[in-house]
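The lines below spell out each chain.
Protein chains: 2
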Amino acid sequence: MIKVAILGYGNIGKAAEQAIMQAPDMELVGIFHHNDSIDSIQADVVLISTPTREVQHFAQSLLLRGISTIDSFDIHTEIYSHMQVLKPIAMQHQAVSIISAGWDPGTDSLIRAIMLAMTPEGQTYTNFGPGRSMGHTVAAKAIEGVKDAVSITIPIGEGKHQRDVYVQLEEGEDWQMVRQRIINDDYFAHDPINVIPVDSVQPFDTHGHGVLIQRQGVASGISDQQLSFSMTINNPALTAQVMVACARAAVRMKASQQYGAFTTIHIPPIYFLPLDEEQAIKTLV
Amino acid sequence: MIKVAILGYGNIGKAAEQAIMQAPDMELVGIFHHNDSIDSIQADVVLISTPTREVQHFAQSLLLRGISTIDSFDIHTEIYSHMQVLKPIAMQHQAVSIISAGWDPGTDSLIRAIMLAMTPEGQTYTNFGPGRSMGHTVAAKAIEGVKDAVSITIPIGEGKHQRDVYVQLEEGEDWQMVRQRIINDDYFAHDPINVIPVDSVQPFDTHGHGVLIQRQGVASGISDQQLSFSMTINNPALTAQVMVACARAAVRMKASQQYGAFTTIHIPPIYFLPLDEEQAIKTLV
Numbered sequence: 424m425i426k427v428a429i430l431g432y433g434n435i436g437k438a439a440e441q442a443i444m445q446a447p448d449m450e451l452v453g454i455f456h457h458n459d460s461i462d463s464i465q466a467d468v469v470l471i472s473t474p475t476r477e478v479q480h481f482a483q484s485l486l487l488r489g490i491s492t493i494d495s496f497d498i499h500t501e502i503y504s505h506m507q508v509l510k511p512i513a514m515q516h517q518a519v520s521i522i523s524a525g526w527d528p529g530t531d532s533l534i535r536a537i538m539l540a541m542t543p544e545g546q547t548y549t550n551f552g553p554g555r556s557m558g559h560t561v562a563a564k565a566i567e568g569v570k571d572a573v574s575i576t577i578p579i580g581e582g583k584h585q586r587d588v589y590v591q592l593e594e595g596e597d598w599q600m601v602r603q604r605i606i607n608d609d610y611f612a613h614d615p616i617n618v619i620p621v622d623s624v625q626p627f628d629t630h631g632h633g634v635l636i637q638r639q640g641v642a643s644g645i646s647d648q649q650l651s652f653s654m655t656i657n658n659p660a661l662t663a664q665v666m667v668a669c670a671r672a673a674v675r676m677k678a679s680q681q682y683g684a685f686t687t688i689h690i691p692p693i694y695f696l697p698l699d700e701e702q703a704i705k706t707l708v
Numbered sequence: 424m425i426k427v428a429i430l431g432y433g434n435i436g437k438a439a440e441q442a443i444m445q446a447p448d449m450e451l452v453g454i455f456h457h458n459d460s461i462d463s464i465q466a467d468v469v470l471i472s473t474p475t476r477e478v479q480h481f482a483q484s485l486l487l488r489g490i491s492t493i494d495s496f497d498i499h500t501e502i503y504s505h506m507q508v509l510k511p512i513a514m515q516h517q518a519v520s521i522i523s524a525g526w527d528p529g530t531d532s533l534i535r536a537i538m539l540a541m542t543p544e545g546q547t548y549t550n551f552g553p554g555r556s557m558g559h560t561v562a563a564k565a566i567e568g569v570k571d572a573v574s575i576t577i578p579i580g581e582g583k584h585q586r587d588v589y590v591q592l593e594e595g596e597d598w599q600m601v602r603q604r605i606i607n608d609d610y611f612a613h614d615p616i617n618v619i620p621v622d623s624v625q626p627f628d629t630h631g632h633g634v635l636i637q638r639q640g641v642a643s644g645i646s647d648q649q650l651s652f653s654m655t656i657n658n659p660a661l662t663a664q665v666m667v668a669c670a671r672a673a674v675r676m677k678a679s680q681q682y683g684a685f686t687t688i689h690i691p692p693i694y695f696l697p698l699d700e701e702q703a704i705k706t707l708v
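Protein chains in written order, with my numbering: chain U, 424 to 708; chain C, 424 to 708.
Hints are computed from structural coordinates only; laboratory data are not their basis.
Do not rely on the hints blindly, as some may be mistaken.
As the list makes no split between identical chains, a pair holds if one copy fits it or if it spans any two.
With a straight-line Cα cutoff of 27 angstroms, these simulated DSSO-like cross-link-like pairs (lysine-lysine) come out [claimed, not checked]:
{"no.": "1", "residue 1": "564", "residue 2": "437"}
{"no.": "2", "residue 1": "677", "residue 2": "570"}
{"no.": "3", "residue 1": "426", "residue 2": "510"}
{"no.": "4", "residue 1": "677", "residue 2": "564"}
{"no.": "5", "residue 1": "583", "residue 2": "437"}
{"no.": "6", "residue 1": "705", "residue 2": "583"}
{"no.": "7", "residue 1": "564", "residue 2": "510"}
{"no.": "8", "residue 1": "705", "residue 2": "437"}
{"no.": "9", "residue 1": "677", "residue 2": "705"}
{"no.": "10", "residue 1": "570", "residue 2": "705"}
{"no.": "11", "residue 1": "705", "residue 2": "510"}
{"no.": "12", "residue 1": "677", "residue 2": "510"}
{"no.": "13", "residue 1": "426", "residue 2": "437"}
{"no.": "14", "residue 1": "426", "residue 2": "583"}
{"no.": "15", "residue 1": "570", "residue 2": "437"}
{"no.": "16", "residue 1": "570", "residue 2": "510"}
{"no.": "17", "residue 1": "426", "residue 2": "564"}
{"no.": "18", "residue 1": "570", "residue 2": "426"}
{"no.": "19", "residue 1": "583", "residue 2": "677"}
{"no.": "20", "residue 1": "510", "residue 2": "583"}
{"no.": "21", "residue 1": "583", "residue 2": "564"}
{"no.": "22", "residue 1": "677", "residue 2": "426"}
What you are looking at is a predicted structure, and each value in this text was computed from that prediction instead of being measured.
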């Protein structure tokens, strides 16, 4: 049995608890809050389900002790440098860190990679939502002057999105200043945005989300190959389930002495599954 | 540059020629017909695009000489044993064989594996077509008494299919006997089938095909996660392009001393792509 601990007990941590309990090959050995001391964690793998900006610090501490880590670090522009930071530590301490393991980044990254392999020339569009973005919601909540927030992602076509950020202000805060802080945050700086003041974010606080990935491309010189992946999902549930699949993969990478930091596209997909090789080939290939 | 040869110059071999010529990291070093002597082939990787039933024989001969092979062996029930035959030869001669590399088996296998990782409980349906099945068409053509044939796959829902096999008889053959041979062939024995006599198969001989893979499953204990992948494609073009992506992957597997026989789900998807790691992460993850 793979000994798995959870660090961070928000929406994803709670979902991960369910996913681990239902995994036939895993044992949940502890749940730690992000303000606990983590020196006492003993596990094969730790799922780090803290806010993204705290992930790297915790991953470093755990990898230094030779404990493998899974995170769902979701700032796309910083994934490569996040990997570069964790890689040497993981290699030196013979551990495995699988980063950005959720659905986007995560399984959507896999889909985009496979679509590109199938059609080396072409255009891929990733259209999210409508749905509540966990990463953007956490980022908005962390901004000074924000009492509570929900960030909804609205697809506006061809892979472009609008962010509708519903914000409940801290008492006595200046709306325009808080609004400006949100607009300037790196999470929000790249998309059209509506920042909307509300008395309560409750009505907007759903877990439903989805994505439509479309590619039109060329295979073997022949154009008009049309590829499409779509899903409607419960956001924390799917994120946590992908992290759990990656926890299994981390153990297998480590068993084959492939230490280091990896994204989902570095992992043989068979490693994600609680099946032996014969079963996997006979049921999936 | 990766030196790639093509063995078998039918629809897939011709498409592979185009795909190799457009690959930035590959050089086409030879095209061999399936009745040529293959002892003279010098290449890093050979794409074996012969009829499926000839694949294993050619792969064995090439692997024995340390030449990596890619095939699109497509008899689903025999993939595992095909791998077991090639694996020790590839390992002994420090070569890599990627088998069943097309779209199904192949990239569809990857999609099914990823969907299973996302939702460990649930039901996956793979619905093909309508379209001309290359494997079934070749199998039908090989049957005694058949002058020419085309097998069309018709989806009938929930992953079930009907085969419409259009057959032009050899002169003097008995229709009922030929029909029975087709029905009894392992390729056709598992699905409802219509065997239809025609004067010419030309009107049915198209390259358009497609698939719809649907999964409804449970993630982290929460049901009703809906996943869907679909595509409409040119069948030999996509098959060949996936083989070319696997040729690249085979070279990378070999470079990291991972010798043996593998299916697409054994391969880190990043290996399929002509991108360096930083580019791949920044554009796909």
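Now the hints, each set against the structure:
1. 564 <-> 437: within (19 angstroms within a copy, 56 angstroms between copies)
2. 677 <-> 570: So residue 677 and residue 570 fail the 27 angstroms test inside a copy (42 angstroms) and across (55 angstroms) alike.
3. 426 <-> 510: within (22 angstroms within a copy, 32 angstroms between copies)
4. 677 <-> 564: neither (36 angstroms within a copy, 48 angstroms between copies)
5. 583 <-> 437: Close neither inside one copy (31 angstroms) nor across copies (38 angstroms); limit 27 angstroms.
6. 705 <-> 583: Classified as between: cross-chain Cα gap 17 angstroms, same-chain 39 angstroms, threshold 27 angstroms.
7. 564 <-> 510: Answer is neither: 30 angstroms inside a copy and 53 angstroms across each miss the 27 angstroms cutoff.
8. 705 <-> 437: For residue 705 and residue 437, the Cα distance exceeds 27 angstroms both inside one copy (33 angstroms) and across copies (30 angstroms).
9. 677 <-> 705: Intra 25 angstroms, inter 25 angstroms, cutoff 27 angstroms: intra and inter.
10. 570 <-> 705: Close neither inside one copy (52 angstroms) nor across copies (33 angstroms); limit 27 angstroms.
11. 705 <-> 510: Cα proximity of residue 705 and residue 510: across copies only (17 angstroms, versus 34 angstroms in one copy).
12. 677 <-> 510: both (13 angstroms within a copy, 23 angstroms between copies)
13. 426 <-> 437: within (17 angstroms within a copy, 51 angstroms between copies)
14. 426 <-> 583: neither (40 angstroms within a copy, 40 angstroms between copies)
15. 570 <-> 437: within (23 angstroms within a copy, 63 angstroms between copies)
16. 570 <-> 510: neither (36 angstroms within a copy, 60 angstroms between copies)
17. 426 <-> 564: Answer is neither: 32 angstroms inside a copy and 54 angstroms across each miss the 27 angstroms cutoff.
18. 570 <-> 426: Neither. Shortest intra-copy (37 angstroms) and inter-copy (61 angstroms) distances fail the 27 angstroms Cα cut-off.
19. 583 <-> 677: Neither, since 38 angstroms and 40 angstroms both go past 27 angstroms.
20. 510 <-> 583: neither (32 angstroms within a copy, 46 angstroms between copies)
21. 583 <-> 564: Intra 23 angstroms, inter 48 angstroms, cutoff 27 angstroms: intra-copy only.
22. 677 <-> 426: within (14 angstroms within a copy, 33 angstroms between copies)
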